[in-house]
Amino acid sequence: MVNWPLEILKAVGLAAGIFTFLAVVAAMFGVLLERKIGGWIQSRLGPKHVGPQGLLQTLADTIKLLQKEHIAPRAADAAVFNTAPLVVAVAGLMSWIVIPFGTLGERVLVVRDLNIGVVFFAAMSSITVLGILAGGWASNNKYALLGGLRSASQMISYELPLAMALIAVALEAGTLSTVGIVKAQEGWFGSFAFRQFPAMVIFLVAATAEVNRVPFDLPEAESELVAGYFSEYTGMRFALFQLGEYAEMFAMAAMATTLFLGGWKGPVLPPLVWFLLKMYLIVFLFMWVRWTYPRYRLDQLLNLSWKVLLPAGLVWIMITGYRMAF
Amino acid sequence: MQVGLLHYLVVSALLFCLGLYGVLTRRNTVAILMGIELMLNAANINLVAFNKYVAPGALSGQIFALVVITLAAAEAGVGLALVMAAYRNLETVHVDEINIMKW
Amino acid sequence: MGELAAFIILSAITLVSAAVVVTSGNIVRSGLSLVPTLLGVAGLYVLLQAEFVAGIQVLIYVGAITVLILFVIMLTQGGTGVRVRQTTGQLPAGMLTSAVLAALLIAVFRGTVWPSLAGTLPQYTAGPIGATFLTSAILVFLVASFVLLVALMGAIIIARRER
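Chains as they are written, first to last, in the numbering used here: chain D, 11 to 336; chain G, -17 to 85; chain Y, 326 to 488.
Hints were generated in silico from the structure; no laboratory data involved.
Hints may be right or wrong, so weigh each one.
[Unchecked claim] Residues on chain Y that point at chain G, a partial pick, calculated with CB under 10 Å:
| # | residue |
| --- | --- |
| 1 | Ile334 |
| 2 | Leu373 |
| 3 | Leu393 |
| 4 | Ile398 |
| 5 | Leu429 |
| 6 | Pro440 |
| 7 | Pro447 |
| 8 | Val465 |
| 9 | Leu473 |
| 10 | Ala484 |
Being a predicted model, the structure only gives us computed values, none of them experimental.
Virtual Cβ for every residue (Gly too), placed ideally from N, Cα, C.
Can you make the complete structure from the sequences, with help from the hints?
If you want it as structure tokens, here you go:
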């Protein structure tokens, strides 16, 4: 039978390891990367004073955030107000359970290769919506509530094209397991970026909207709604919301590399290095889009999802099914 | 002690009765719909438990549970649309105030 | 032993959260408490070796239906946070009915001897479920998708503003 205490210890240890890796890399390095890349695209230097080349900037920012005072509005519902950022952070981090980082000899480096991996990933990103809705309502602030409702409607609208892209890839690979999907991509031109190009476009657009990034960041735009659903959050809780969003963005990038770019496969370098290279390529793509395009209005955003991406996703699934059958 | 069929049936019976209590005693229409969702979930637990312990040859219980989840989603959508329309016209969501019949 | 511990923890989460759903005075708390209930049920499905049903339960029930319920709560009277009386006058009758029904169901379940037919569940259920849907249960699949389409159209028509 299964050795329960050892399994629980392994699960807790891996979870702690992944969360630490993500908290350090995704949140800290990712935020710094965003500011540096934004600077270079806008013909200026990013942060460069704190530490060599500005590398310790995010550490300094995090320490500043953590020592800020925790303010909660008096009429806010305290239990919900405090749990909402936890839900967003944990859901963003849970999606990393099914992402394969590479191989070490024969073993695939993945926390759990679930046989419903792709469904689990979609499910975790739909739990994030609940944290945002709860955070927006619990702040007892009409801007936060509006921001929360807008953000939630945006995220649920874009979950559908995301799921369509995932279904098309799973159809072609014949399996819902992420490791199986990577193993179904062989060679330079066998990756799903070529065979499933429309699905990749749909996935990347839907992923940008799912993590509330520009050009789809109306719910958190400063000129529109102060800061949207996290207007009333300070200090550690704000840091947790940001951690959740950045972890989810990195998770979407990691999922895009597993689904479309062949995961860890590559000629000379070790698999883990290839995986990180490809993931950072997609993260760079997300950041490049962020600093280049203006923001969509809410009705344009929802039109894009329901009237463009969803029919395109359905048609592509039909085409993929036809190709698989004949 | 092994976890057997009876354990799952007891959990689902308790969940069903909690849902029934919600439907019978709450004023807010949305709360009544939440009670209905609890009852549907209890039935689903029953179906999947019977699939595993009584009839594991075919996957009929899980298929039935998936169809029930689909129909529950459809019913929640239509029910909540009705609640929104009622709120817009009658200004209330409490079932004991929606009483525009003659007798 | 581990399975029993997992079952007890998951059932406790499910039943306690369900109790909060049906008895809380604040409708938003009751809606938010539906989330641990449905997640607990998904955990019970995993224990019952129905992992695909568990994944779909989280994706659809927790990710979509709960969000829909919370939206409607926040857009109607409950969203203001004003505390109103949440129970009708039928509280004693309701409690009696559900208690009697619970006792009756549990007594029936304990007294029945369930048969045990042959066969084993497949180790990974996602593939066989798909195969069954497209071969023997295909009529159910098509009818369920029609029902969803009609419900989608109906909900949009009912909920739109009259112009």
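Unsatisfied constraints (hint numbers, rising): 1
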